[in-house]
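Chains as they are written, first to last, in this note's numbering: chain A, 738 to 1184; chain B, 738 to 1184; chain C, 738 to 1184; chain D, 738 to 1184.
Honestly, I wouldn't trust all of these hints.
If several chains are the same, the list does not tell them apart, and a pair holds so long as it fits within one copy or across any two.
[As the list claims (entries may be wrong)] Heads up, simulated DSS-like pairs for lysine-lysine below, C-alpha to C-alpha not over 25 Å straight-line:
1. Lys1131 to Lys802
2. Lys765 to Lys982
3. Lys1056 to Lys987
4. Lys1089 to Lys1119
5. Lys1119 to Lys980
In short, the hints are calculated from the structure, not lab data.
Protein chains: 4
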Amino acid sequence: MRFAHAMPILMVATAQAEVNPQADLTMKINAPAERTLTFDWPILRVGTGEYPAGPTGVTVFHFDKKVSVAVDSRGGGPGTVNAPYMELGYDMAELDSIVFAGGSWYGLEATTAVASALKDDGLRDGDAFAEVPNIAMSVGSIIFDFGGRRLNEIYPDKRLAQAAFRAAKTGQFPLGAQGAGRSAISGGLFGCHAHSGQGGAYAQYGDVKIATFTVVNALGVINDRDGNVVACYGDKDWPEPLKTKDLLHKWVSGAWPENDFAKKNTTISLVVTNQALDPAELKRLAVQVHTSMGRALQPFGTIYDGDVLYAVSTQELEKSDMAPVNLGVAASELMWDAILSAVPEQPQRQAKSGQAIPSKLRKDIQGEYQFGPGHRLKISQKGERLFATASGEKSIYAFDPGKDTELFMTANGRLTVPGRYPLVLALENQQLIINPGPWQQVATKQP
Amino acid sequence: MRFAHAMPILMVATAQAEVNPQADLTMKINAPAERTLTFDWPILRVGTGEYPAGPTGVTVFHFDKKVSVAVDSRGGGPGTVNAPYMELGYDMAELDSIVFAGGSWYGLEATTAVASALKDDGLRDGDAFAEVPNIAMSVGSIIFDFGGRRLNEIYPDKRLAQAAFRAAKTGQFPLGAQGAGRSAISGGLFGCHAHSGQGGAYAQYGDVKIATFTVVNALGVINDRDGNVVACYGDKDWPEPLKTKDLLHKWVSGAWPENDFAKKNTTISLVVTNQALDPAELKRLAVQVHTSMGRALQPFGTIYDGDVLYAVSTQELEKSDMAPVNLGVAASELMWDAILSAVPEQPQRQAKSGQAIPSKLRKDIQGEYQFGPGHRLKISQKGERLFATASGEKSIYAFDPGKDTELFMTANGRLTVPGRYPLVLALENQQLIINPGPWQQVATKQP
Amino acid sequence: MRFAHAMPILMVATAQAEVNPQADLTMKINAPAERTLTFDWPILRVGTGEYPAGPTGVTVFHFDKKVSVAVDSRGGGPGTVNAPYMELGYDMAELDSIVFAGGSWYGLEATTAVASALKDDGLRDGDAFAEVPNIAMSVGSIIFDFGGRRLNEIYPDKRLAQAAFRAAKTGQFPLGAQGAGRSAISGGLFGCHAHSGQGGAYAQYGDVKIATFTVVNALGVINDRDGNVVACYGDKDWPEPLKTKDLLHKWVSGAWPENDFAKKNTTISLVVTNQALDPAELKRLAVQVHTSMGRALQPFGTIYDGDVLYAVSTQELEKSDMAPVNLGVAASELMWDAILSAVPEQPQRQAKSGQAIPSKLRKDIQGEYQFGPGHRLKISQKGERLFATASGEKSIYAFDPGKDTELFMTANGRLTVPGRYPLVLALENQQLIINPGPWQQVATKQP
Amino acid sequence: MRFAHAMPILMVATAQAEVNPQADLTMKINAPAERTLTFDWPILRVGTGEYPAGPTGVTVFHFDKKVSVAVDSRGGGPGTVNAPYMELGYDMAELDSIVFAGGSWYGLEATTAVASALKDDGLRDGDAFAEVPNIAMSVGSIIFDFGGRRLNEIYPDKRLAQAAFRAAKTGQFPLGAQGAGRSAISGGLFGCHAHSGQGGAYAQYGDVKIATFTVVNALGVINDRDGNVVACYGDKDWPEPLKTKDLLHKWVSGAWPENDFAKKNTTISLVVTNQALDPAELKRLAVQVHTSMGRALQPFGTIYDGDVLYAVSTQELEKSDMAPVNLGVAASELMWDAILSAVPEQPQRQAKSGQAIPSKLRKDIQGEYQFGPGHRLKISQKGERLFATASGEKSIYAFDPGKDTELFMTANGRLTVPGRYPLVLALENQQLIINPGPWQQVATKQP
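Isolated chain A (complex conformation):
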């Protein structure tokens, strides 16, 4: 591929960072959500943990007894723990937990941390000679939520994951920009960059229970059952509502700009059933449901996705009238529901009001602000106008290094830069807040 022939760069062996960016981060555990999926399935517990400073997070699925698991890796850059073991087809339930997290490969620490917590807390003692080995098995995957999404590389670590695990409870799953889906986006290929999140759905058919969960962080757009793109910051001349088939048609037939799309994405998913399935059936369930997700996410499974789906059978229901293929159909529909439920309310662009910028604001706000490493923004006053420039090596959203971009007043007293994406700046308590709200980025003025 394009980047294949790049020479491996030497790592710049900088001195050890003076401050570990993970130190002393504020945690939010089981943060309340505007929407929550409820389900009646005591064996399954869910906990979420977040670092609002990212924002990023982790979602822990814990089963109160050993369950069976299969995995289907399809994307171009999957992050996994113990995947080859899951492929071996042993007919023995062994899984305790599945952990989804942000933080790219760093977030895999959340997966191993849950196994450690099970051990440290004395719930799994490591006895491999028991009939079923009493060793905690925790598997999991991560999404890439760095890059254009936020101005730091904070990741869900051991501390956060263990806290989420210990707070896990049954019956509820928060929807939207929560847990592992805290800074997810969708539609990057087309420049949509819509906020995304985690979704879930649950249904019972006779005695058969099925739950689906997903963290949608897809290169493709989310497509509803009527063929509409569910969330997208469209380009200026794009129709609304936007039909997925029209978007694709336009994309395919148009010029193919090597645009600066988000080259790292991942959608990580879980389907759980209580119906007993043997290893081959469980694997087929994973394949069937994962494939079906190509309907709701278009495109899906690309070289820039890292899609992984886990299928779990709790083996609680030994027999049912539902053939495995139909269980797969039902689970696929629920997975579509789960994907749709992941989408949070999108912030709106704010128009410039035409008002002049108050001189106090101009004076107070000017200065340099440090977000994550390499992410600095410098705001300066030129006459009665304000300009911002990325003063580190990395862009700050629409602010590029070495280029002045003018800021304008909005109707509610904040500053904005008009463009395809919402971009609002506010000053509160000496702190610069970019895009106040769920995905806000906060920095203190540098001395």
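Chain A is fixed; fit chains B, C and D onto it per the hints.
Below, chains B, C and D alone, put in the same frame as chain A:
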């Protein structure tokens, strides 16, 4: 799965069949089609061969120089040749031909036969010490087109495949019930049992050429871009047109009858591009396009499918402006087009006319007819009415063993049995023809 | 790898060969062997077929009821049929036959041919709706036995494989250069080029039966349990007996000549047990035994091997006292026995006698001889001496194109060329025979 | 398999352990070793960390620039991080570190911890938009070193792994019971239970550098190049020296006791070269070397092993005269050397001296000692004799629960139990030490 615990049955070691059903079959090579895809790509040649007595057939894709190939097996029962070799990631073009065939596992003979033809004809001499080994590499897959589809198990064999290979020509690909897609169906899960076939699509974007081909023999239904089921013999109270989402909703929410659906299906596909791709990119292209097919085929990749997709790069175009991910988007749209193009015109049910059956017809038609092994139909007269019974161990479409089913006159002088599916009988030259037309089954009266 | 950057060559589209080299070949079915393994296992039948003109052949293993199978592909160039299906882990016995053949990828025709024979003979009727589908499943692999091994590219084809299948009988397995192992060699990496063949071993432990079979065509040498190279045409200063560890030590520590070793090799193997094993256990058995073969073959599993091993359980014995891991140990020892049993008696070099070449022989033998396509040898008289030159584009063993090599009399009235390998020429009935004996190459004088 | 049908047990949800056994453990970083491999390869740094209280440990291999990696998973229970990603064949160097650890699945925390350290220390900033993504990629595997090996389930955790990573230095690799190999054993299948460790070997051939590393924790025995079992606590009548072939012969031909062998083992290995290799070549190197290890470890790759091998190319040397297959041969020989170098000196059994136990010792030592959770030993005096009983639910080596075993004096003033394995008890500073020395287990008397 359900059948997993079945005890292996002993093979009934019958005496060698007196007549080899493959002997002396009439061949049709490059049979004319109502619709044909044309393309401008000299390196790629296509040949089709058919045994009308099946009907079943083979489609050979031949490349006039060695090309690169990747494979993605997703279904629950794939038939393949040399698949592990294709997974090894060697960066050397080696493929000559891809062969699709009916005949379930027996049809794999068509794949090996094309390699043999290349050898026997002196085109590949087996010299493995050449810089690029001059050994023919032919890979391929098969569809299951036995069972309810036809009343015999004739398969595309060496003779047919080699004839099709030798007749392969560039620029054209017949659409519909042709070649390997001769007896394909779709929608078996829901009882649709619509006739299907092979489809293709081709486009050029700048210098980039992309062709997609598929033999659609899917458990799921074919879904168009407006969400409609494209072909289905619906149940009596099903709406027309039928929305795929409504069908799935009804299916999921309804009772789950362990209905007698077609448990063997396969959709086998090929995407070809001239853009140079390295092994990892080619594999990702296969994955992306294969996944995208879950939009047009719902469900897809189930335990009862044997889906396989091949991705080929002819390596003719070293550079282009099209990023691999976008090439995948374009190819996915073309694959959807290809799937839609596979659907042939569906025969209609014929109403009973209410007329009495002429006594001459009653007299002439009564007797026993032998189709394939185990498939026998006995027609008998009771008063002025006609009845038919499957007199072998296997059902003959709606005619079950040991059960009399009444035949009625149609308006055009034939006989029919009312029901969900077209079922017409005609007597011509002492031969009983069931469903005269492209998929007709013919049997001579037994003495 | 080295050849990775080679440009794909254009196929020289020659006119169709005037004579198909496969036409009218003499077959040998179940040819008698000097050594034969016997076993008491009625369910398992073995048949061999050979084309002496190659020589090359096929070995068919047939099971009289459906059995379970797993596969382990390890080599750098495996040839397989239906391998992905075998990886799916379904718990249903489905296999009928395993077919090993020479002929490189062309020999895969032997595998599909056995399925066809089962169908054509009415033993498997293609009924996929039976509890266990009554469709023949034949899998198999091939060895590369072209190149330096023989002077033609004849391959085991449908006709030969079906004849071998139909002649299969239980209780016996011919050892040495028989069936698929007809032109196998070993030790090519080191220039050993020792003749090899097919081997087998059988034992019963309590009620547990284990049989192992292998066609040894390895880049590495065969190593016995005392650490000796079992067969090798050593270089002039090599010690005898030759210790494997010394050979490897010498190889590793010496210069690394990019010598003209045999770049295509394959060892294909089969382990069968009557003990019931589930899919995961069967796969582990395949892995354990295949790995163990690295003791008897050194090196093993290289980029120039195409190693494949099949593990079969006939599921006849539901319970035993033998843990699967121990079954693996026992099978591994039997596989080592099988490898050792594959080695045929090696032809000896024949010294030159110092006698003059009789003038009649000089006169009679001179002329040009055509072996397989591209393989021609021209013998010419210069004074009282005889010289031979490869007059096609390919070398004829030690005779290179465009280079005269002198022939000398042996004690028994034949001609020879001294060197590392035996090279004897004889003239019988106008035919030139190179290396009279099991691996002889025969050509008629060209007019 | 045998354990396949076991019902999943309910996890005994005990209250959270009062004391986290990982808290406040003493670390040893880069502990001095009796034997050390030295090498000249600046890009490669190695660090080890140990918790003597286990003992258990971690070995970190760090590369000072991004390198290429392939993985080969063969055993029946592999533990891995990011394995599917490594299988994708991308031609871009991305790896930073490989981490081997004890602690079974819990030890995978060591792998994710090294990625976190790279991030937290500012060496990898998470920038995925760089030409080569600047995200730390750390992969790794673990061995099972619980059960029978030691009396606790302490595992190498984040703290230990990060300390080892930060202390990593080039040029040295400690051999024997060090780092990840701290509590490894070999030969469990046959009851050998010999102490094992980590091994390494290094050589340079022209400009080509090769290093091999392995943590040998194998179900099989270690076999040297002369066919001898290198380390084994043999059964009473076993010959010394013990030939591997005789051991296997005896094992296969004897009765097959379902003995209480160590059902969890793993050998994890790494081969590194500076020669540039493409993804397919690197994968073949992994396969070839991994397969070759079946010579030194017999059996190998069983259902009770979790063998994983990583192959790394630092891509430093673009060209060499060494063909990849020969590089594989050389690396395989070095891997055998590495395996042999892993074996530490084995503690000897100590004979009973026949002396009476001093009354002070009898008095002082009696009481109950707590090792890890569930591991308690009670020593009691009966007249002038001493007896020990496992008073928790788990055995303490030869001491079984509820069964008194008599202790005897050794010549050096300690206590012992005669038997197949060394078992020595000493009392020092109120602490009971079992098997004083590198693998000692220490417990304080319970009040």
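Structure-based check of all given hints:
1. Lys1131 to Lys802: between (46 Å within a copy, 22 Å between copies)
2. Lys765 to Lys982: neither (40 Å within a copy, 39 Å between copies)
3. Lys1056 to Lys987: between (48 Å within a copy, 23 Å between copies)
4. Lys1089 to Lys1119: Answer is within: at 18 Å inside a copy they meet the 25 Å cutoff, but 89 Å across does not.
5. Lys1119 to Lys980: neither (44 Å within a copy, 60 Å between copies)
Against the hints set out earlier in the document, violations occur for numbers 2 and 5.
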